[in-house]
Structure formats: structure tokens, C-alpha cells
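S.K.: Letter by letter, the sequence shown follows residues 93 to 346 in my numbering.
Treat the hints with caution; some may be incorrect.
Computed Cβ-Cβ distance ranges for the label pairs, DEER-style [stated by the list, open to error]:
{"#": "1", "residue 1": "I238", "residue 2": "I207", "range": "31 to 41 Å"}
{"#": "2", "residue 1": "V160", "residue 2": "S279", "range": "33 to 43 Å"}
{"#": "3", "residue 1": "V160", "residue 2": "K233", "range": "14 to 24 Å"}
{"#": "4", "residue 1": "R187", "residue 2": "I226", "range": "23 to 33 Å"}
Just so you know, the hints here were simulated from the structure itself, not pulled from any lab data. The C-beta atom is built at its ideal place from N, Cα and C for all residues, glycine as well.
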Amino acid sequence: MSDTVHTTTSPPVGRFTPSSGGAVHQSGGSLADDEAMGRHILVKIIVASVALVLGTIGLGFFSLLDSVKEIDAAAYRGSLSVLQAIPGMVWISERVTSLGSIPANYGMAIGGGFIVWLQRRNAVVALLIVATLIATHALQKVTGMIVDGVIPVDDRIIGAAGPYFSGGVARVVVLAGILATAALPPSREADRLVWRLVMVLGFVEALTRLVLGRHWPIDLIASFPIGITIVWIFRRIVEWLPDPSKTMTENRTG
93 MSDTVHTTTS PPVGRFTPSS GGAVHQSGGS LADDEAMGRH ILVKIIVASV
143 ALVLGTIGLG FFSLLDSVKE IDAAAYRGSL SVLQAIPGMV WISERVTSLG
193 SIPANYGMAI GGGFIVWLQR RNAVVALLIV ATLIATHALQ KVTGMIVDGV
243 IPVDDRIIGA AGPYFSGGVA RVVVLAGILA TAALPPSREA DRLVWRLVMV
293 LGFVEALTRL VLGRHWPIDL IASFPIGITI VWIFRRIVEW LPDPSKTMTE
343 NRTG
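Assemble the whole structure, with the sequences as input and the hints as a guide.
M.R.: This is the structure we're talking about:
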């Protein structure tokens, strides 16, 4: 005679996360079907990761084209003149831009990962949050070694200017996406909310960096597809992982 342990858990992570189309995958078929789905998701992860690296470097070299730099410089000068003339804009930007600082980002990743662990008892996803931020930071550093980006030089710059691409914007986009993905129960509504948070918080961070003159506009724009792709990869990895709550229930039943 078997005893079944009934427990109340938070919504599961792994094999139950929203797919790229917004539908919810649930592992309820045969073992062969689950393995085939797992292989399919893994291929997507690998292809997207390769495309991310090559696309990031390709965008970097594109930003160095003379015609692009000319347009970028004109947009940079014009935006500085307009935005810094708005009362209070510089003061607000100096404070809000810290949202994309490295200490704040790692603090949010570690704190968010700890909350996910407390909520779901899922150490793998908690560690994956921190690992994703580290990978984002590493991608910026590696890209900087390959693409010799031009740092803006202007008397109106406030703070330290940086090269392609804006790590602060990319990290904010990534953190917004991965923390919301890990925290929200999977559904179509949550899926839409994740991407809204990504775009809104990323835009706010990009605007502050533009107001302070720390990046060329193209550096800020490029940070969005880079960060969004990283979020997409994170979501597919979580989808690919086994569901720990299901595994625990199966182990404790029978």
C-alpha cells in the first residue's frame, strides 16, 4: 500500500513555462515525447546562443561604419541639447541610472535568486539567474575586446562614458526579464507582462544614459535586441529544465 504526500507548492518551473508563442507547455505525454521536446528546446538554445554572440559582434562593427557614425553623432548632439535643457531631467537621470550599475545589478540578481529559492525551493533556477547576469557582463567584455568601439567625447557628459554596447541597459533588460520569468506563475498574461517590464525598464535606463551623454544612441539601441535575446534564452533554459516539484511528488509517491 502506498502513501501519497499532498503538499501545496508554488507554480512549477520547468516544462511548464510559456513558450515563445505564449502557449503553456505541460509535460504530460510519453517519455519519448518529453525527450523529443527537450532536444528541440536544447537545439533552440544552442542556435540562439551562437546567433547572440555573432549578432552582437556584427552590430558592433556596423556601428563603426562611417555613415552610421555620422548619423549617430548628429543624433547624439541633438538629443543632448534637447534632453539636458528639460528642467530636472539631468538630476533625475543621475539617480535613476544607478539601476543599471554593476553593484546594483548583482545585488538584484543575488537577492532575486534567493527569493526564487525561498519561493520554489529551486536552487538551479536561482543560480541560473546569477549565471545569466554574469554571462551578460562577460559578453560585453568580450565584445569590447573584438569591436574597437568609440567612446563619446563631449563637455556635457556627466559621469563615465562607455563604448559599444551599453552594459547598463542590457543588464536592466535582462534582469527585468529573468526575474519576472522566475517569479510569475506561467500564463499568457504573465508572458506579456514580462516583455512589458523589459521594454519599459530598458527604455528608462537607456533614456538616462542618453541624457547624461554616456553612450552613442546606437549603443543604447543595440542593447535591446542583445538583452531580449538573453532573456529569451533564459526562458528556454528554464523550459528545458525538469520540473522539480513534479519530480519531488513522484519520488514521494508510491
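S.K.: In this structure, is the beta-carbon distance linking R187 and I226 contained in 23 to 33 Å?
M.R.: 26 Å, holds
S.K.: Between V160 and K233, does the beta-carbon spacing fit 14 to 24 Å?
M.R.: Since V160 and K233 have Cβ atoms about 23 Å apart, the given range 14 to 24 Å holds.
S.K.: Quick check on a hinted range of 33 to 43 Å for V160 and S279, using CB atoms only.
M.R.: Roughly 41 Å apart at Cβ, these two residues keep to the hinted range, so it holds.
S.K.: Is it true that I238 and I207 lie within 31 to 41 Å of each other by Cβ?
M.R.: Since I238 and I207 have Cβ atoms about 36 Å apart, the given range 31 to 41 Å holds.
The structure is consistent with each of the numbered hints, conforming to all of them.
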